[in-house]
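Q: So the chains spell out like this:
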Amino acid sequence: MLGEGILKGLAETAKNFAGSFVSADRLTTVEYPEQRIAPIEATRDFPFLVYDGGDWEAGMRCVACQICEKECPPKCIYIEKSKDKKPDALGKPQFYPAKFDIDISVCMSCQICVEVCPFEAIKMDTEFELSTTDRFGGLLLDRKRLAKSNEYYHKVHPTEAAEVDARLAEEKAKADAKAKAAAAPKPATAAKPAPAAAKTPGGETHA
Amino acid sequence: MIENADQIFVLLQAWLLSFLPAAWRPAAGVVLDVVAIICVFPALFALTTVLERKGLGRIQNRIGPNRVGPLGILQPVADGIKSLTKEDIVPLRADAVLHFLAPLVLVVAVFMSFAVLPMGRNMVLVDMDAGLLFFFAMGASTELSVFMAGWSSRNKYSLLGAMRAVAQMISYEVVLLMSSVSVVMISGSLRLTRIVEEQNQYSGIFPHWYIFTPWGLAGFLMYVVAATAETNRSPFDLPEGESELVAGYFTEYSGFKFALFFLGEYLGMFAISGLGTTLFLGGWSAPFSFLGWVPSWIWFFGKLMLSMCVFIWMRGTLPRLRQDQLMNFAWKFVLPMTLVNLMVTALWRFLGEGWEQWVFCTAILVAVYVLMGRAEMRSEHFGPRRYRYAE
Amino acid sequence: MRDLGHPPVWTGKDGKPMSIAFYLVAALTVGGGLAAVMLKNTVHCALALTVAFAGLALLFLQLDAQFAGFAQILIYIGAVAILVVFAILLTRSQEAPRGGVFSKSWLTGLAIAAAVFAVLGWAVLQTANLLPRVSEAPVVTVQQIGTALMGRYVLPLEIVALLLTAALIGAVIVAMHEKEGAQ
Amino acid sequence: MTPLAGYLLVAALLFAIGLAGALTRRNAILVLIGIELMLNAANLNLIAFWRYGPHPEALTGMMFAIFSIAVAAAEAAVGLGLVIQIHRHAHTTDLDQINRMKG
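Chains as they are written, first to last, in numbering that gives the first Met the number 0: chain A, 0 to 206; chain B, 0 to 390; chain C, 0 to 182; chain D, 0 to 102.
It cannot be assumed that every hint is accurate.
Calculated pairs, DSSO-like style, for lysine-lysine (alpha carbon to alpha carbon, straight line, at most 27 Å) [said to hold, decoys possible]:
hint: 1; chain 1: A; residue 1: LYS91; chain 2: A; residue 2: LYS147
hint: 2; chain 1: B; residue 1: LYS53; chain 2: A; residue 2: LYS14
hint: 3; chain 1: A; residue 1: LYS74; chain 2: A; residue 2: LYS98
hint: 4; chain 1: A; residue 1: LYS143; chain 2: A; residue 2: LYS98
hint: 5; chain 1: A; residue 1: LYS98; chain 2: A; residue 2: LYS69
hint: 6; chain 1: C; residue 1: LYS39; chain 2: B; residue 2: LYS155
hint: 7; chain 1: A; residue 1: LYS98; chain 2: A; residue 2: LYS80
hint: 8; chain 1: B; residue 1: LYS331; chain 2: A; residue 2: LYS7
hint: 9; chain 1: A; residue 1: LYS147; chain 2: A; residue 2: LYS80
hint: 10; chain 1: A; residue 1: LYS7; chain 2: B; residue 2: LYS53
hint: 11; chain 1: B; residue 1: LYS53; chain 2: B; residue 2: LYS85
hint: 12; chain 1: A; residue 1: LYS74; chain 2: A; residue 2: LYS143
FYI, nobody ran anything at the bench for these hints, they're computed from the structure.
Model the full assembly from the supplied sequences, consistent with the hints where possible.
A: As structure tokens, this is what we get:
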């Protein structure tokens with residue numbers, strides 16, 4: 000009959016209204032700054048740079064290959080490559096970003112930078128309390144503010160970080176084996192291929 | 000003591016007036032009444048906004064505002080301060096005079112309609128002989144302010160919203176009038192105090208409210224539908240449908256003028272709920288004869304707030320209608336129903352006391368409702384829309 | 000003060016002053032009417048028309064015709080003015096046309112209107128002394144009006160009802176958009 | 000000036016204004032507005048004569064005015080319907096251009 004649906008709907012909302020006073024699971028809202036719900040693992044909002052070890056500048060995984068800068072749809076990443084090289088986690092000398100800025104007021108959280116990064120250097124953060132009184136400088140994050148330790152990454156995305164670590168360890172093992180294999184037959188020339196090997200990734204980046 | 004509580008405001012006014020020379024008293028009395036109305040209803044408006052936001056929150060499993068003051072009851076104060084301190088923006092090509100006048104006309108017209116509502120025993124500003132007509136005349140004037148707002152803004156959303164609002168208000172005003180006429184037919188007066196007096200009688204403990212008769216119940220339901228549409232409340236809030244028209248006719252309003260529109264809208268709801276209370280729910284009379292000792296104004300304002308709660312409840316429940324559904328509903332279902340209801344009311348009057356009037360009137364109304372509802376729901380204009388090319 | 004033989008302009012001859020309220024409302028009405036026919040923007044004209052209607056309603060109230068006054072507001076401001084506004088927007092005639100808002104023969108029209116006013120005003124002023132001066136305010140309840148409508152004036156009422164129905168149907172048919180290619 | 004004469008003068012003035020509007024404006028809707036003003040001036044006359052006439056209790060003038068209001072409303076509806084139809088047909092509401100019987 001006409002009007003039946005309206006009555007049903009009214010009953011449903013009345014149930015909601017009354018129920019919100021008696022049962023807690025009908026009120027899913029929490030009082031945000033005082034109470035917080037446990038973070039969900041899949042949460043992700045803005046990118047950050049991962050570093051290994053204790054020193055953020057030394058342990059930075061990023062090699063300033065600038066792939067993310069080129070892929071970023073809103074062009075919010077700005078990278079300046081260093082002139083010199085430093086040894087990375089594998090011991091290979093690599094370029095490092097002299098400047099790495101992300102304008103998170105432009106960033107659209109698409110995660111494309113994370114997907115294209117070949118070095119597992121950029122990952123998504125869960126930090127969302129980014130409000131600031133300085134709307135230009137405060138939202139343009141430099142590499143110091145972007146750099147976060149691998150432990151932090153493990154804390155916010157444990158599963159994903161474990162996978163990444165496993166993959167990196169595998170690569171490192173492969174690289175070690177290769178180095179060992181290279182070192183074993185001609186121990187005399189062990190010092191020679193190192194600069195050549197170091198030159199190759201740099202050349203690739205330029206290409 | 001109890002009589003004093005009932006008449007406390009009347010006595011208070013008389014006491015205040017006793018300080019003035021006799022020649023000034025009539026004018027001063029009117030001024031006092033007006034000031035009282037201008038103070039009480041905006042206060043109720045503030046209360047209602049809190050109720051609405053918290054109630055809607057609960058309906059949607061949220062808590063609602065709870066930061067300003069204990070339990071958030073000072074929220075309207077914060078809102079008021081915010082809207083007062085906001086910049087008043089007038090679009091460059093807007094018609095500045097009309098843009099300024101529109102909210103004023105709305106609020107003034109709505110305030111005027113409170114003049115004839117009996118808010119308690121002996122508590123009515125002007126006991127007009129044609130009170131009901133006056134109320135509807137003032138209600139009709141608000142349409143013009145809506146049009147002025149929409150047209151003067153020079154914004155297509157405003158204009159579209161205003162046209163929708165005016166078309167909707169005109170259509171449902173017919174229904175509103177027609178459903179009220181049945182009350183006038185039985186009570187034999189357009190004087191609202193007289194209509195309340197007619198209902199302030201009891202058989203046993205039950206009152207003679209018009210809602211407790213078949214035609215009264217039908218009339219009340221249609222009155223509620225028309226009142227919701229007339230005040231542009233959900234589910235009839237197409238004129239300000241946010242998803243389509245930004246904010247309808249007050250898109251280009253900000254600051255205090257926007258607050259005035261907001262106030263006018265809620266005052267309109269109060270006025271129309273007050274009239275519905277007066278016409279169908281016995282005005283200030285008590286729901287049971289043994290509760291007659293409670294002051295009459297408590298009953299009136301209690302019923303008023305109760306009907307506001309129903310408005311909020313409906314807003315939290317029903318989705319917005321489409322424009323063609325709205326118009327078809329008004330002209331093809333509700334208006335014929337009100338006409339049938341008028342016939343039934345006449346029948347009720349002429350059948351006289353007895354069980355026949357109850358049986359016949361109920362039977363006719365239920366039969367017409369069911370049959371017409373079935374037929375309309377099946378018809379192409381009323382049910383789900385069929386697209387000519389999309390399917 | 001010496002009796003001048005004629006009272007000041009603002010009092011009636013019975014000594015009862017024509018109240019200030021009357022002059023105000025009359026000015027409002029005439030001003031609204033003038034604006035309604037003289038303004039350039041058509042929507043402004045329609046809104047000025049509502050001012051004139053409101054002024055007339057107030058004049059009715061001054062004349063103790065409560066029912067007619069409220070009916071005037073309800074019907075003219077609530078319905079006719081809105082109808083006019085709708086028509087203006089539907090015909091897109093809110094902006095002034097290039098050739099001016101007045102027709103080619105405006106001078107003739109103005110002359111005719113002035114002549115009509117001159118004749119009417121002359122007639123009123125000539126017979127002003129014959130017109131009844133005082134009369135106590137009649138007490139007319141809505142009930143009396145209803146009884147009169149259903150008694151003495153029942154035939155006109157029915158005819159008006161028929162006329163309104165015919166006008167309603169006629170207006171709908173006239174303004175209805177005939178669909179091209181409708182079967 | 001008696002009160003009645005005052006009301007009659009206002010009515011006459013309003014009637015003349017309405018007439019001038021109806022005769023001089025080019026827009027068909029404005030002509031209708033002029034006609035409405037004339038009808039209202041007549042209503043004012045009716046009410047004024049009823050109020051100051053010898054038998055106000057007979058309600059004659061008042062009834063005339065009420066019927067005239069109803070008829071004027073019908074007139075406005077039909078008139079505006081016609082204007083809209085003309086606009087649809089001729090794409091103008093300028094009366095100086097709509098001067099032929101043949102569309």
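Q: Indicate, hint by hint, whether the structure satisfies it.
A: We went through each hint and held it up to the structure:
The hinted pair formed by LYS91 (chain A) and LYS147 (chain A) meets the criterion: a straight-line CA distance of about 21 Å does not exceed 27 Å. With a C-alpha separation of about 15 Å, the suggested pairing of LYS53 (chain B) with LYS14 (chain A) holds against the 27 Å cut-off. Proximity of LYS74 (chain A) to LYS98 (chain A) is assessed by CA-CA distance (about 15 Å); at most 27 Å being required, the pair is judged to hold. Under the criterion of a C-alpha separation no larger than 27 Å, the hint pairing LYS143 (chain A) with LYS98 (chain A) is consistent with the structure, at around 9 Å.
For the proposed pair LYS98 (chain A) and LYS69 (chain A), the alpha carbon gap of about 15 Å is at most 27 Å, so the pair holds. At roughly 22 Å between alpha-carbon atoms, LYS39 (chain C) and LYS155 (chain B) fall within 27 Å of each other, so this suggested pair holds. A hinted pair counts as satisfied when its Cα atoms are at most 27 Å apart, and LYS98 (chain A) with LYS80 (chain A) qualifies at roughly 7 Å. Under the criterion of a C-alpha separation no larger than 27 Å, the hint pairing LYS331 (chain B) with LYS7 (chain A) is consistent with the structure, at around 24 Å.
The straight-line distance between the Cα atoms of LYS147 (chain A) and LYS80 (chain A) is roughly 20 Å, inside the 27 Å bound, and the hint therefore holds. As the CA atoms of LYS7 (chain A) and LYS53 (chain B) are separated by approximately 22 Å, the hinted pair is consistent with the 27 Å bound. Between LYS53 (chain B) and LYS85 (chain B) the CA atoms are separated by roughly 24 Å; this keeps the pair inside 27 Å, and the hint holds. Restraint check: the Cα-Cα separation between LYS74 (chain A) and LYS143 (chain A) comes to about 20 Å, which is no more than 27 Å; the hinted pair holds.
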